[in-house]
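J.: Here the structure of chain A is known, so what remains is to put chain B in place on it, guided by the hints.
So you can see what is in the structure, the chains are spelled out below.
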Amino acid sequence: MTIPTFQIHYFASATTYTGKQTESLPAPLPLHQLFDVLESKYSGIKEKVLTSCSVSLGEEYVDIHDCEGVMIDAGSEVAIIPPVSSG
Amino acid sequence: MTQDPTPSHLDPQTYPRHRTDPTLNIHLELTYSPLNPQTALDKISSPAAGANVLFLGTTRNTFEDRPVAQLSYTAYPPLTLKTLSGIARDAVAKHGLTGIVIAHRLGVVPIQEASIVIAVSSGHRGAAWRAGEEVLEICKEKAEIWKREEFVDGEMEWRENRERDAEGKRVVSG
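Those sequence lines, one after another, are chains A and B.
Just so it is clear: in the first sequence, position 49 is 49 by UniProt numbering, and no numbers are missing.
Just so it is clear: in the second sequence, position 33 is 33 by UniProt numbering, and no numbers are missing.
If we strip away everything but chain A, and leave its shape as in the complex, we get (with noise of 0.2 Å):
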């Protein structure tokens, strides 16, 4: 039996990390859990990189403090998104 995912993709210091570009996760999950499930994978992280990240799921930003009842679906993508450097 398959287990139902959601892919999550890294950047810049997230990469660094979690050592990852990308991974799948278990679905679905409350939005509101995603920073828990992640601290608990990669203890520290939250700290030291995602307190300064924005996420997004499918293609929209969402407000990971404020998303009571938003859940990440299987299939979802979601990104976790580092200060950005361009140019």
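In short, the hints are calculated from the structure, not lab data.
Watch out, some of these pointers could steer you wrong.
What the hints assert, rightly or not - Computed Cβ-Cβ distance ranges for the label pairs, DEER-style:
1) B:T6 with A:P26: 15 to 23 Å
2) A:T2 with B:P67: 27 to 35 Å
3) A:Y61 with B:Y32: 21 to 29 Å
4) A:G75 with B:Y32: 22 to 30 Å
5) B:G126 with A:V37: 45 to 53 Å
6) B:L56 with A:E77: 47 to 55 Å
7) A:T2 with B:G86: 31 to 39 Å
8) A:D73 with B:E150: 37 to 45 Å
9) B:E157 with A:A74: 33 to 41 Å
The structure displayed is predicted, hence computed values, not measured ones.
Beta carbons: idealized from backbone N, C-alpha and C, even for Gly.
T.: Frame of chain A; chain B shown alone:
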């Protein structure tokens, strides 16, 4: 859980990626190939334009006097192209542009080569000058692209634009 393959946004084979709006003469590009400034100028060319402004951001060989060996960029196109579209549309509306190109190179960009091209045209020079600078600053603030500097001593650092102003000076926050 299965091993995850490289996601498509990190696979150079899935580039270049474009988004264009022919009505507003907007041209956006993310590419792993060298950027061509003449191509950008050709795209913004218009019989209604009296001013054409081109900006090339090129990769510098130092960061705070530390020698940089090479730089590389990654993007997340689902968000990056959406963000660039919004920036371009806003600039066209605000400054009455007759054309705009925003192109960013990804992957390794050798020192002294262009990592970003901004080209804008307008009826008169004031609007194009202003728009060129403004578009670049908003891109640097918002576009979902990340730069990694690899130093000659082997260390690597992810850069954050929020730490530097347009003169390269450190921004003191809070």
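J.: Determine for every hint whether it applies to the structure shown.
T.: So, going through the hints one by one against the coordinates:
1. B:T6 with A:P26: 15 to 23 Å: holds, 22 Å
2. A:T2 with B:P67: 27 to 35 Å: violated, 50 Å
3. A:Y61 with B:Y32: 21 to 29 Å: holds, 26 Å
4. A:G75 with B:Y32: 22 to 30 Å: Holds - the Cβ-Cβ distance for A:G75 and B:Y32, about 28 Å, lies within 22 to 30 Å.
5. B:G126 with A:V37: 45 to 53 Å: Given a distance of about 52 Å, which is inside 45 to 53 Å, the answer is holds.
6. B:L56 with A:E77: 47 to 55 Å: violated, 33 Å
7. A:T2 with B:G86: 31 to 39 Å: With a Cβ separation near 37 Å, A:T2 and B:G86 satisfy 31 to 39 Å, so the hint holds.
8. A:D73 with B:E150: 37 to 45 Å: Holds, since A:D73 and B:E150 (Cβ atoms, about 38 Å apart) stay within the stated range.
9. B:E157 with A:A74: 33 to 41 Å: holds, 36 Å
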